[in-house]
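Undergrad: On the provided structure of chain A, position chains B and C as indicated by the hints.
Residue numbers (our numbering), protein chains in the order written: chain A, 1 to 471; chain B, 1001 to 1317; chain C, 2001 to 2269.
A couple of the hints might just be wrong.
[As the list claims (entries may be wrong)] 25 Å max Cα-Cα, derived SDA-like pairs, lysine to any residue: (1) B:Lys1268 x B:Glu1246; (2) A:Lys265 x C:Pro2098; (3) A:Lys394 x A:Glu121; (4) A:Lys210 x C:Gly2019; (5) A:Lys265 x B:Arg1317; (6) A:Lys265 x B:Ile1284; (7) A:Lys265 x C:Gly2045; (8) A:Lys210 x C:Ala2182; (9) A:Lys348 x C:Ala2182; (10) B:Lys1268 x B:Arg1317; (11) A:Lys266 x C:Gly2051; (12) A:Lys380 x A:Glu391; (13) A:Lys348 x C:Gly2019; (14) A:Lys348 x A:Met375; (15) A:Lys449 x A:Glu121; (16) A:Lys266 x B:Lys1156; (17) B:Lys1226 x B:Thr1262; (18) B:Lys1156 x B:Ser1267; (19) A:Lys449 x A:Phe153; (20) A:Lys265 x B:His1308; (21) A:Lys265 x B:Arg1155; (22) B:Lys1156 x B:Arg1176; (23) A:Lys394 x C:Gly2051; (24) A:Lys266 x C:Arg2251; (25) A:Lys265 x B:Thr1262; (26) A:Lys266 x B:Gly1101; (27) A:Lys266 x C:Arg2115; (28) A:Lys348 x C:Arg2115; (29) A:Lys266 x B:Ser1267; (30) A:Lys383 x A:Asp350; (31) A:Lys37 x B:Gly1113; (32) A:Lys37 x B:Glu1117; (33) A:Lys266 x B:Thr1262; (34) A:Lys210 x A:Thr148; (35) B:Lys1156 x B:Trp1137; (36) B:Lys1156 x A:Lys37; (37) A:Lys383 x A:Val454.
If you are wondering where the hints come from, they were derived from the structure by calculation, not from laboratory data.
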Amino acid sequence: MAPTYFNEMYQNGQVRPPYRHLEDWTAAMPAELRSLKQAEAEALFRRIGITFAVYGEGGDPDRLIPFDMFPRVFTASEWARLERGIKQRARALNAFLVDVYGRGEIVRAGRIPARLVYQNEAYERAVAGIVPPRGVYSHIVGIDLVRTGPDDFFVLEDNCRTPSGVSYMLENREIMMRMFPALFRESRIQPVDRYPEILRRTLASVAPTKCDSDPTVVILTPGHFNSAYYEHSFLADLMGVDLVEGQDLFVEGEFVWMRTTEGPKKVDVIYRRIDDAFIDPLCFRPDSMLGVPGLMDVYRSGGVSICSAPGAGVADDKAVYTFVPEMIRFYLGETPILQNVPTWQCSKPDELTYVLENLSELVVKEVHGSGGYGMLVGPKSTKEQIAAFAERVKADPGNYIAQPTLALSTVPTFVDQGIAPRHVDLRPYCLVGERVELVPGGLTRVALKDGSLVVNSSQGGGVKDTWVLAE
Amino acid sequence: MLSRTADNLYWITRYMERAETMARLLDVGARMSLLPSTGEGYHSEWESLLQASGTAEGFARKYGDPVQRNIESYFFFDRDNPSSIASCIGRARENARIVRGALTTQVWDALNGAFQEMRALERRPRSELDLSVLTDWTMRHSAQLRGAIDGTQLRKDGWDFLNLGYFLERADNTARLLDVKYYVLLPGVEFVGSGLDNYQWTTLLRAMSAHRAFHWAYGGEVTARKIADFLILNAASPRSLRTSIEATTVHLDRLARGYGRTTAAQSKARAVLAELAETRVSDIFDEGLHEFLTRFIREVATLGALVHDVYLSGDQR
Amino acid sequence: MILSVLHVTTYRYDTPVRGVVQSHRLTPSSFEGQKVLRWSVEVEGGLPGGGYRDGAGDWVQSHSVRGPVSEITVRVSGDVETRDMAGVLRGHREHVPPEAYLRETVATAADVALRDLGQAAVTGARDPLDAAHRLAAAVSEAVAYVPGATHAHTTAAEALARAEGVCQDHAHILIAAARSQAIPARYVSGYLLAADAIPHEAAHAWAELWVPGLGWVGFDPANRCCPDERFIRLGSGDDARDAAPIKGIARGPGSESLDVTVAIQSVQQ
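Extracted from the complex, chain A is given alone in its bound form (with noise of 0.2 Å):
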């Protein structure tokens, strides 16, 4: 039996409310007109610079993320719900990270088994004993969204890293914009252009304790080769703050410092966009060319805030991600407003064999993988693949975890046939400072090929500009 999918245009052979003003549109424009706005598109975003280079795969380093013109629509009521839930679990996250870090009480409690804590690769042993400002670890966090239904949203992961795309959301916005402000102004669309601005006050809320004047903010960057280069710089931009290599700072004293023309100027908070074991060679992995050396030392004595926090990683794990719903109710007393997807625990021998005995219908994935890579899904894969896969999982069960396929969405897609539905996921930034907020949009990923399932831009996917309707 074919699953059915959840089309967010056209229910019953209605279109749904949010979407009407987009039937019209469509109707109004003809395939030329169609075909010749995709290539104006095109030549604005490469225009502008916004190329990604994939991980690992070579070919063209300026090659563009598909974007798709058909927007995604939510109403203000979808929109609320879904803000609520976004802002409780960055809440949760914080709380989470400041007491594992802190006294352990989730882990005393027994709520979480301290092995998946304390032996989390992610687990920063260095950070230990440290509140950070305002007893935030994760500032920027990505939470990654599917929907299954009118009301059914199931949160895919957490990215309480440095999630990115955030440079998508806007610059598709700014484009759809510029090409089509009739439908701005039909449809009173929420703006996301907020975001550098909320962005750059939250990372000065949380500046250290020893920054007496107006706190100096960086993006720092593991440098121009980069794939996410294009967002480090044009949010740099945006928020008017330098972008920085480690070759750019040093530690001197109690504080870092970065070499300016004028000489050394002091910096206060660095948005880091680079992993924590290439931040300070002192600390972390002592080969590394990215970071600052005695970074973390002025970190912990309260000289300089980075963002986000070294450690943060141990609450986006994969492994940890099914106790979210857990840490809410622990920490917030709250019942989980978004809903987390049914998880198997590979490493759990029970798990494991129910994985093995179902993986044609299954969501394989590594703990620690991203990017969609070495993940199996599993109705969408050949007899050969899924034994192939099984092997991998036998090998080393704790790398892996297992969800049920879920029937992402749909919404209308420009393709080469015409209008045609392709499924999408939903990535919104939250950002976590003095306050918690939220840009009333995110970036909208979706799969170009028919019937895929695997949005991710290194497998094909594309994006679209995400539409939050007032009220």
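TA: Just chains B and C now, with coordinates in the frame of chain A:
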């Protein structure tokens, strides 16, 4: 401004100026090869150009004999040649991409446009591309970028670093072109004052787009002294050493004022300028043109190193 | 016993470097077994950074030296009053739970031989403390103290295969073997008042194993004992690199040479 950002800005323009000089050199070579006899056969000018640009060894390793077609490819397209026009534009664009936020859209478009067209040129069959098309193309994009910088960049420190790159590279390049003419191109001392000598000087002027300006300013016969005066000492000549160093001091002074701090680079630039202002063309020939130019090239290198130390290295306190 | 320490480390660079940053675990903490009477760490021409007590209860202090510089001296001196606690670390405040010391590092990755050593040692142990003692004894038996047989980057597995090593190797092997038996273990660096009989570096290292009910207990397989009043404990970590008393990075192309002298004396009261 972040020192590395200043460094990137400075290298954008150094590379673009260098690309333009390479185009001018190619032009000189092409014109000179049209002249029937130099006593040493058809190749020698091209050979000289390779020597002059310091790329003879790399070329010989890759292509062997200096055949014009190969030299054109080597100077224009070859990414193995770090001074080729393609390499220079590629590096200028990469430097620009790194500091995209410090550039206006127009400046980025000018550079990125050149880079994208370059890639299109690379895909076209070489037989469709005349040398003059390629050199004109380079000059046009170079001019476009300069116009975009002058027309749209804020007059802040970034603008000064962009200009420092231009003028330091130009000072160096003009001195080298002059030196090449004198010590590389001419087959022997006995040719000084000969028809060949004059033809080469004229070619050089043309390559510097200064042929007509020169005649307006000096008139009459083309002589080595007049040319040296024009390209070294004349404050009205846009590519002269004097003009380049004067512009360098202007931008170093602006930076010093803006940052409220005088630097060693500033004093050095002023000293070099003062010397040029007091030098007469006869002094240059008394010292020996080659000796003078060698000394000058060294001074410019020192000046570049000082700019690096005080602004670009980030080590300045 | 009162121990007096003088520990001088000199770094020399063949070409002057742009600057140096060091992170020091060079200050002993006070707990039941040791009380710091006087202590100082001086870096010539160095600018002290912010100091802090890390999650494991050790005092960390950074120093930076502005370049160009071609020589740096770190001078540690002080007096510590010590007591024999049979290796038990008592009264030492820390945040890190023992489970965090079960993860492998490159230097302490367990191979089959290390696992076998650990398995054989704990088999038949009466209780966790007995198991820890048996592990330490097994390591002392398996590896002879031979200076120069190994180097700073030798792993536990390599040293065990050679059956020779110095205190660092003994500690790594004990840690690896203990962790392979799910016993939390960590590396400790410090000083040792050397007896005349053993030719020993005074800068010393040993291991601590977690014993439920007792807490962290030190074992020194190189000297077949538990740390007593001859030992000063400086700091701990996952392995030798992590617990190093001095970590530093110089900016610049120069190559570095190192000169270390350590003198420990027992002072009359």
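Undergrad: For each hint, tell me whether it holds in the structure or not.
TA: Here's how the hints hold up against the structure:
1. B:Lys1268 x B:Glu1246: 12 Å, holds
2. A:Lys265 x C:Pro2098: With Cα atoms ~40 Å apart, Lys265 of chain A and Pro2098 of chain C exceed 25 Å; violated.
3. A:Lys394 x A:Glu121: 21 Å, holds
4. A:Lys210 x C:Gly2019: 24 Å, holds
5. A:Lys265 x B:Arg1317: 10 Å, holds
6. A:Lys265 x B:Ile1284: Roughly 46 Å separates the two Cα atoms, so the pair is violated.
7. A:Lys265 x C:Gly2045: OK: Lys265 of chain A and Gly2045 of chain C at ~21 Å, within 25 Å.
8. A:Lys210 x C:Ala2182: 41 Å, violated
9. A:Lys348 x C:Ala2182: At roughly 18 Å apart (the allowed maximum being 25 Å), Ala2182 of chain C and Lys348 of chain A satisfy the hint.
10. B:Lys1268 x B:Arg1317: 19 Å, holds
11. A:Lys266 x C:Gly2051: 18 Å, holds
12. A:Lys380 x A:Glu391: 18 Å, holds
13. A:Lys348 x C:Gly2019: 51 Å, violated
14. A:Lys348 x A:Met375: OK: Lys348 of chain A and Met375 of chain A at ~19 Å, within 25 Å.
15. A:Lys449 x A:Glu121: It is violated: about 35 Å lies between the C-alpha atoms, which goes past 25 Å.
16. A:Lys266 x B:Lys1156: 22 Å, holds
17. B:Lys1226 x B:Thr1262: 36 Å, violated
18. B:Lys1156 x B:Ser1267: Holds, at about 21 Å.
19. A:Lys449 x A:Phe153: The hint holds at about 23 Å.
20. A:Lys265 x B:His1308: Holds: Lys265 of chain A and His1308 of chain B sit about 18 Å apart, inside 25 Å.
21. A:Lys265 x B:Arg1155: 22 Å, holds
22. B:Lys1156 x B:Arg1176: Roughly 31 Å separates the two Cα atoms, so the pair is violated.
23. A:Lys394 x C:Gly2051: Distance ~47 Å between Lys394 of chain A and Gly2051 of chain C Cα, so the pair is violated.
24. A:Lys266 x C:Arg2251: 19 Å, holds
25. A:Lys265 x B:Thr1262: Cα-Cα ~19 Å, so holds.
26. A:Lys266 x B:Gly1101: 21 Å, holds
27. A:Lys266 x C:Arg2115: Between Lys266 of chain A and Arg2115 of chain C the Cα gap is close to 49 Å, so the pair fails against 25 Å, i.e. violated.
28. A:Lys348 x C:Arg2115: Status holds; Cα separation ~23 Å.
29. A:Lys266 x B:Ser1267: 29 Å, violated
30. A:Lys383 x A:Asp350: 23 Å, holds
31. A:Lys37 x B:Gly1113: 21 Å, holds
32. A:Lys37 x B:Glu1117: 23 Å, holds
33. A:Lys266 x B:Thr1262: At roughly 22 Å apart (the allowed maximum being 25 Å), Thr1262 of chain B and Lys266 of chain A satisfy the hint.
34. A:Lys210 x A:Thr148: Judged against 25 Å, a Cα distance of about 48 Å means the pair is violated.
35. B:Lys1156 x B:Trp1137: 30 Å, violated
36. B:Lys1156 x A:Lys37: Roughly 38 Å between the alpha carbons, so the hint for Lys1156 of chain B and Lys37 of chain A is violated.
37. A:Lys383 x A:Val454: At roughly 19 Å apart (the allowed maximum being 25 Å), Val454 of chain A and Lys383 of chain A satisfy the hint.
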